[in-house]
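Engineer: Since each chain comes alone in its own frame, lean on the hints to assemble the complex.
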Amino acid sequence: MARSPKPVSASATLRRSFVTPEGVDLRIELGSAGARAGAFMLDLLIMLVVLIVGTIVIGTTAVVNESILLSGLWLIGFFFLRNGWFALFEMGGRGATPGKRIIGLRVVARDGSRLTGGAVIARNAMREIEFFMPMSFFFATIVQSGTDKMISFVALVWSAVFLFFPLFNRDRLRVGDLLAGTWVVQRAKVKLGHDIAASLAQSDRPRRTFSDHALGLYGEYELQTLEQVLRDGDNDAIVTVAAAIRRKAGLPDDHDDYGFLSDYYAALCARLERQMMVGLRRADKYAETTRDRAA
Amino acid sequence: MTAFVQAPVPLVNATRFRQAHESDWEELDRIVTAIERSGVRGVPEQSLLVLPVLYRSALSSLSVARETSLDKSLVAYLEQLCTRAYFQIYGVPTSALRQLGHFFTRSWPKAVQLLWKETLVAFVLTAAGAIVAYLLVRNNPSWYYVLMPDGSSQGRDPTASVQFLKSTIYGGASTDKQGALAFFATFLFTHNAQIAIFSFALGFAFCLPTVGLIVYNGLMLGAMIEVFAAKGLAYGFVGWLMIHGTTELYAIMISGAAGFRIGLALAFPGRQSRADVAVAAGRSAAIAMGGTVVMLAVAGLLEGIGRQTVTSDGARYTIGIAMLLGWFAYFYWPRRDDGAVA
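Residue numbers (this note's numbering), protein chains in the order written: chain A, 30 to 324; chain G, 507 to 848.
A hint or two may mislead.
Derived coverage of chain G by chain A (criterion: at least 3 residues anywhere in the stretch with Cβ under 8 angstroms from a Cβ of chain A; other residues may be distant) [claimed, not checked]:
1. 535-547
2. 569-575
3. 601-614
4. 622-629
5. 686-699
6. 718-724
Computed list of chain A residues with no C-beta within reach of chain G, every gap over 10 angstroms [to be verified]:
7. Glu51
8. Ile131
9. Ala184
10. Ala189
11. Leu252
To be clear, the hints were calculated from the coordinates, so they are not data collected in a lab. Backbone N, C-alpha and C fix where the C-beta goes; we use that ideal spot for every residue, glycine too.
Chain G extracted, bound-state conformation (with noise of 0.2 angstroms):
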């Protein structure tokens, strides 16, 4: 049976609770909502003062919450609240400028460097793919044909007269084609820069479309070099390569170093788990293939602006040999280990 009593109701232990500490809840969720939608600017500095404060104890009341009161809104609620302002707290990244300063002077060449052995293999590929081009064409310059794709060479292949192939290393540009040679900058290094993304994420299958890639891009150096060489030409050509081929290949060598970093750990996981290796090689490989979209940008202003301005042998050398020291001394000059690889 029923009876009515006039007396108050029982008092449950969500009510107690709420009374004491409802009004620190409502400030946390007003500065996490500010925080979300304006960002850390937006909100005054005594609010974040107590944004640490305010969220420990937000914790502490769901802790409490969850093993005293059986209100599922208040628990409901107490979670989202100590989500949010969790990630406010330890989620956010720092700002895009210390982040840009901490890329290039610690995680990008700390990255490069951990993949110094990968960045090797990549070298040998490259050029155990131009040495065996190199021979497949002077045997038979009918493999040139097999080898480059259609209409990439622009006349530059085996049945081409020692005039045309001068003209294409040493055609410096008229002033009226400064326009032209900016879009043809542009458009190299978007290109070679898709190719290095490509070459770390197919890298996710087991490493062998990347070996590919890699190998093939030795293979269309040794061709073309071999048609340059038959002619006597060798040594200009290298040079017209050199000016941004150190940059460009390096590039191409590091962003494919870093696809054989994530398939070997896929494969080859050794005592961690799988999962595991997985994470940490594909956040280090990232940074050092992000990196390299810097670098080809920078081989696409050489190649591009650089090349067709510059057109004595020595001086495309020299240019050439005096970026790859430059990347070298800066990947992989010995630096104070500040432990972390971002």
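With the rest of the complex left out, here is chain A (with noise of 0.2 angstroms):
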């Protein structure tokens, strides 16, 4: 029987199995390669911001008061805003830049143990011939006219080589991220979604029943799929969803989608359900009701 391919979302392959002590697979999301990007890049201009904002405020007293002292104190500032300020962030509870706190990303040891120091520091010191010494090289260059321009081009080549790293293997790790033993995953805030089936149970209007023809119709993809249009609320895809059901189930139009795709989730639901607990399971329309192996 030939098996259609199942779509796989994009947020599906960056899924990682990672269980705790107790025992349970939290199966967390990795930060994807843009949301990684967009975080350095708005670290990137925080930390330009800053530099910039330090700078006036140490030059001008630095004028007023004609003192070389508060130079050393801007070579200093410099020194920790270049080298430090991914390292402090990310050693602090949130584990995580100001740039990675909005984007929503969360450094965090692969093992799932404590996030070190160690492991901290040695994923950014990599980030200096990642990124900062080669554009510092390639800026360098740019500024001085006249000296070559092979070397900009080199600097160029070298950090594009780091910083699509990423993109090449399959947990998006940086270079600092495999030599510290971490990774970066989304940090999801989910809601509790409201109980269709016991919101149903609580208005009193009478319940539509389905043939076993009908409720045998899908398996449990479709049913989870239909729970995210009901959830959703999309009319458009409401109306498109009941008409292919009703199609399918051979069921005249009762003129009240919504109603009726309500009814039919939480048929369709208990009865995956009941035979769940017996050990039949049936992932999706196309595969036959199986026994369930680890059980």
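Structural biologist: Below you can see the structure in the form of structure tokens.
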């Protein structure tokens, strides 16, 4: 029997198994390359603003006080901004720089243990050769006219190799992540959706019943897609889905698509869950009902 | 055919399950959100005490939900709730002060201890570079200009007079230059610390760039020593160098050794997988390297301020040797093994 490929969403490929000490797999979601790049750019932007503001403040005070000590302060500040920004923020409780926090990312040890200082230093020291060093070469050669333009080109290629490195491995690891044993996860915050079946039960309108044939059309995948349609509440989608189900099940149109779909959802869910309790599962409409092997 | 009946909707598992546990989940969600927003301090002790209990019950809810419920929203909610709670319970580092204390009392010395072979190699490379440069410049002074970058020697080259060289060694600072000294010290510190970070990070390329950096460091050292030794100022120059150089060169060697460690781990992983070895090496080497920033700050102070105010050879040698012995004692003094390498 031909099995049509199940659509795989982009986020599904970034799901990773992550087993807690209690033995439960949390299936965390990794930050996408786009989110990582966005967070990095935000951080650079904030660092630039801090640098400019700091330079102006220190510069004006230095001129007023005629003090060379303050330029030493600037040097220290620049050093810590360049080398400490990422490391110090990631060592804090949130495990994220301001840019990462805005995007909703978090640095985590790949083995699920505590994120240690050593790991944070390692992953951010590598940033030096991934980005800051080649970029400083690049800008130095751009500013000094007449120097070898080859150097700036090599610096760009060098940096590009490292910047695009996360795209060439499954887990979106930077070279620094590789060495530090960390990865960057998406910090999802999901609200608990309302209970569709329960809200049906509260209303006392008559409900539809469905024949075995009508309920036997679909599996878990379709059930959960239907759940998504009901939660989203998009009218076009509801009309389309209701029409499709009616056509397949050979049911007449009763002009209440939402009511029809929620009744169908509750009935199908109850049926599939009943089967699930005795170890019978059906992944989607193409699959036969199979006995759970794990049980 | 559909028929309408006046009967309760068949209760699905998720409904019963939600009714039984939803208040617990909401409580956990509330506590975790509060910690995420304002840290552990912003949450009453009562909540912290129930946090692990609620977390475990949410975990078990998640397991049950996955096996018995087809409510996707419920499973997704419990997954993110458990993940967030997990990171608040297991993933959060200890307080900054305790981390810092542990760093100086345990993890840094231990990380440096683990690098003793690589440090020895870095020392041999530096010494070899110094000897080679010394011999090269002695036989043909024009080598000096090949080895030293333009402008870094500030007139201290083979053509300089004894008088001038002597003044660079013993030229103390007048009081009005205190500010300049401090600036000089911070410049040296940030420059050297950047080099230390490079030599760690560049070790990633199978040690080669780090070997280059360390050897070149030795070459410059040897060339400088020869210039002064040729004028009979070796003793004074080495003292001038020693006061901060023992700390500074040692720090550079350690960070080079940290680079060697990750390069070697990547090149020769042995029986374990390359990724595992790289992580173990990367973490402990990073600690050793992170500490060298502190050493270089000390060296910067000694060089920028100490050297300009202490001008007697004897005192300079004493300070330099005492610093070196101090570092040795600090790093290699046997200490109890508490297991964890952070």
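Engineer: All hints are to be evaluated individually against the structure, with a verdict given for each.
Structural biologist: Checked hints:
Coverage of a stretch by a chain is defined here by at least three residues with a beta carbon nearer than 8 angstroms to that chain's beta carbons; for the segment 535-547 of chain G and chain A the count is 3, and the condition holds. Figure legend: the segment 569-575 of chain G, annotated as covered by chain A; annotation consistent (4 residues with Cβ-Cβ distances under 8 angstroms, at least 3 required). Counting residues of the segment 601-614 of chain G whose beta carbon lies closer than 8 angstroms to any beta carbon of chain A gives 4, which meets the minimum of three for the stated coverage. A stretch counts as covered by a chain when three or more of its residues have a beta carbon under 8 angstroms from one of that chain; for the segment 622-629 of chain G and chain A the count is 0, and the coverage is violated.
Counting residues of the segment 686-699 of chain G whose C-beta lies closer than 8 angstroms to any C-beta of chain A gives 9; at least three are required, and the coverage claim holds. Counting residues of the segment 718-724 of chain G whose CB lies closer than 8 angstroms to any CB of chain A gives 0, which falls below the minimum of 3, so the coverage claim is violated. At roughly 5 angstroms, the least C-beta separation between A/Glu51 and chain G is not larger than 10 angstroms, which violates its mark as non-interface. The Cβ of A/Ile131 sits about 14 angstroms from the closest Cβ of chain G, beyond the 10 angstroms cut-off, so the non-interface label holds.
Remark: the non-interface label on A/Ala184 is consistent with the geometry, its nearest Cβ contact in chain G lying 14 angstroms away (cut-off 10 angstroms). No Cβ of chain G approaches the Cβ of A/Ala189 within 10 angstroms, the least distance being about 16 angstroms, so the stated non-interface status holds. A/Leu252, annotated as away from the interface, has a beta carbon of chain G within 10 angstroms; the closest lies near 6 angstroms.
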